[in-house]
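Assemble the complex: chain A is given as a structure, and chain B must be docked to it using the hints.
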Amino acid sequence: MAYSFPDEVLEHVFSFIQSDKDRNAVSLVCKSWYEIERWCRRKVFIGNCYAVSPRMVIRRFPEVRSIKLKGKPHFADFNLVPDGWGGYVLPWIAEMAGAYPWLEEIRLKRMVVTDESLELIAKSFKNFKVLVLFSCEGFSTDGLAAIAASCKNLRELDLRESEVDDLSGHWLAHFPETCTSLVSLNISCLRSDEVSFSALERLVGRCPNLRSLRLNRAVTLDKIANILRRAPQLVDFGTGYYAAELQPDVFSNLAGAFSSCKELKSLSGFWDVVPAYLPALYSICPRLTSLNLSYATIQSPDLIKLVSHCPRLQRLLVLDYVEDSGLEELASSCKDLQELRVFPSDPFGAEPNVSLTEQGLVAVSLGCPKLRSVLYFCRRMSNAALVTIAQNRPNLTRFRLCIIEPKTPDYLTLEPLDVGFGAIVEHCKDLSRLSLSGLLTDHVFEYIGTYGKKLEMLSVAFAGDSDLGLHHVLSGCESLRKLEIRDCPFGDKALLANAAKLETMRSLWMSSCAVSFGACKLLGQKMPKLNVEVIDETEPPDSRPESCPVDKLYIYRSVAGPRFDMPPFVWTMDEAVRILH
Amino acid sequence: MQKDGAGRSWGLGQHRCMELQLGLALPPPPLIPIETFDLNSYGNYETREALGTNALSWPLLKLGPADNDINNIHHHNSSSSSSSSGGGAGCKKRSFDEAPFFDEKRNVPKTLHLLLWTNQPNDEDDDPSNVLHENSSSAIFKNDGEGLVGWPPVKTWRKKVHHQIPNGGAENNRLPAVENGIGGRASKSTYVKVKMEGVPIARKIDLSVHHSFEGLTNTLMRMFGISDGNRKSFKLTYQDREGDWLLAEDVPWRTFIRSLKCLKLIRSRG
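Chains as they are written, first to last, in our numbering: chain A, 1 to 581; chain B, 582 to 851.
Since the hints were made in silico from the structure, they are not lab data.
Accuracy of the hints is not assured; some may be wrong.
[Unchecked claim] Derived contacts from chain A toward chain B, CB cut-off under 10 Å, selection only:
1. Pro91
2. Ser135
3. Tyr295
[To be verified] Far from chain B, by Cβ distances over 10 Å, these chain A residues were calculated:
4. Val26
5. Trp33
6. Tyr34
7. Ala51
8. Gly86
9. Ala122
10. Lys129
[Unchecked claim] Calculated pairs, DSS-like style, for lysine-lysine (alpha carbon to alpha carbon, straight line, at most 30 Å):
11. Lys736(B) - Lys129(A)
12. Lys454(A) - Lys736(B)
13. Lys453(A) - Lys736(B)
14. Lys370(A) - Lys816(B)
For each residue, glycine too, the CB sits at the ideal point set by N, CA and C.
Chain A on its own, in the form it takes in the complex (with noise of 0.2 Å):
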């Protein structure tokens, strides 16, 4: 029993759990192992920043070292969620400072990092190693400057698509010479054209443990040779700019430096290739397993030529150039792909301006049998091609596709896709996120309601007929988690029929949609452990009827009782908080 093994057994035992969900789990089984587990927890991962205060945390939890948080929602991503909405990280930090002085890890998605929260970090944390800041926003190259300085064990630096305001490249000198212990810097994101190069150098230089390095566009394609001769042992490596006028020598430096990485795995940046250059990266084709040519303006025929080198490859990301012809060379020649992801080269033109279609996905679908995970932006799609892709690889555990014009029929027939999409939830049974275009009817959250029992993340726009749709998915998915909704005509029935559900969920989303203010309040009103917010920028919502739609709506679960650093568009439907307000 429990009782007879001493709690430093018990601690030992539990170092060896480190998933959050079994650490949960441990925590339930009677009061001493959750005393226990609470003691011994070093990291803790917050999907919404709002749903706990960093006191409950720090409570629980005395002695963490890394903590993982999330903010804004991920229709933040697409200009949907207003500037100011919230997800600050400095309240966090503040706390944090003073409960947790050996924090060593802090990684962050879309919240608002300030200058002075990086400051602070740099201060208040002596151990501090890993910093990641995924899609994040409001810090400078200042802040920048002061990690670099401060924290003397900084294995990892990583901004991913975080927006800088790059003041200086300078910031790159702050890393003491002493400093030699980085593993991972990601400055892909800085978009001036200043980089202290020559510090850049000398960095990678003396940090031999360098496995993750990616590069911001400006680097130019002359200076990749000096770098990677710097740092052979690179696992990953992001290329700043890649295009050049073609010059023999420094092709054949180019290349020579590539081969001499023969660890090197993982390929990302390539912004403005010329193509030319491509043949550079052969001999280390061979080995690759992920790239990441989002960003490539290269024609298929070039892609095509590069992809069939690479036969290991697990992880590719592309534009729409690569046209039905590459992913069909790509279902042939990769045999180990995993993840696939097309992005549109023109999202924003009327008419397609590549020959990427249906086919392309099906080729994959068909030729690659590890396939799990596709995000997929192209113009037209018919049920045929869903169901023969869901037949295919039921093994999908993440399939968005994005049909460019909203409510896109079935090409060959004029129906919905309703048929093709249930039969992707039907056949895919660890479906675990799906994203849904096109014409689409109540009938495929009939499907979703009925066959996605383990989605965890549905994103739908422009879709459904009424509230049944709604229903459907919110009485059915039974491992729901994240709901997003644009542009339906979801009204207040269904919501108020399963607000329970609610409370099961980390959050749902619903802009564009009817669901009126009266029961917005309700809900706010009679649920207390959500958090119901309005937001609508142009006028309050209760200077209209209460049956008038919200414009935007964004509920989550809480225990953390209602925040208190709204921004005047946003309204919580908590009754005494709203009097305040």
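Okay, now just chain B, sitting in the frame of chain A:
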């Protein structure tokens, strides 16, 4: 002010259009798994059953305009085929007597509801919020003529980077945008219209991926489906800033790229 069965009072003011019942104080039980969900009792699926299919083999794959019977399976009894015109109003709302969802005899998930999902006739048509939605849905479709906000769902980061113009590098790629002074913020800065003589619909081509007349011509031939044999009978012309039409081949690539506004393929005579 109305009181519910437990004597709690709740006032909701003007909520006449919704019938609300507060779920009583029992904690919400876990969702009952709906393996017992019986699709066959839905009106539409009886036709599927009649065709002798089992769950794994539907939907039938014989799709095509000629297969009218099969096409009809997937439609509502009352609504017509959702047309390709893309209008949201084309899909009729299903009335609740066609969808006997809430049926006490079947196991349905019990959730704490603030609204009982009933099979009362659909009163949504009388719902004023519905009217508002009908009006607003067309308004929200276009955002001041600039297209939909946040659609297609391409990350801001990706849009910006894709069209960002750096200061150096391969010159041919970005001259049009730089010269236009737009600096790449307009998403269409490297695209120009291309027309072919005799073809009513114009196409668009991305100049930033071309570095020579040869490459550009190849793409255009492919775009308009002109075979190699017929290439010689077409000439590429362009309209420059001043509005004059010139032959593309007569000028160097750099000049061409800098000054062109749109392209046209004409049949060469003689």
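Hint by hint, here is what the structure shows:
Given hint, Pro91(A) at the interface with chain B, is violated; its Cβ is 25 Å from that chain's nearest Cβ, farther than 10 Å. At a threshold of 10 Å, the smallest CB-CB gap from Ser135(A) to chain B is about 7 Å, leaving the interface hint in force. For Tyr295(A), the interface hint holds, the least distance from its beta-carbon to any beta-carbon of chain B being 6 Å, beneath 10 Å. No Cβ of chain B approaches the Cβ of Val26(A) within 10 Å, the least distance being about 21 Å, so the stated non-interface status holds.
Interface exclusion of Trp33(A) from chain B stands, the closest Cβ pair being 23 Å apart, more than 10 Å. Interface exclusion of Tyr34(A) from chain B stands, the closest Cβ pair being 22 Å apart, more than 10 Å. Every CB of chain B is more than 10 Å from the CB of Ala51(A) (nearest about 19 Å), matching its label as outside the interface. Its beta-carbon lying about 18 Å from the closest one in chain B, Gly86(A) satisfies the requirement of being farther than 10 Å from that chain.
At the 10 Å boundary, the C-beta of Ala122(A) stays outside the reach of chain B, the nearest C-beta of that chain being 26 Å off. Taking the minimum C-beta to C-beta distance to chain B, about 26 Å, the non-interface status of Lys129(A) holds against the 10 Å cut. A C-alpha spacing of about 29 Å is found between Lys736(B) and Lys129(A), which places the hinted pair at or below 30 Å, so the restraint holds. With a CA separation close to 26 Å, the supplied pair Lys454(A) and Lys736(B) stays within the 30 Å bound.
Between Lys453(A) and Lys736(B) the CA atoms are separated by roughly 29 Å; this keeps the pair inside 30 Å, and the hint holds. Between the alpha carbons of Lys370(A) and Lys816(B) the distance comes to roughly 48 Å, so the proposed pair goes past 30 Å and is violated.
The structure is inconsistent with the numbered hints 1, 14, although it conforms to all the rest.
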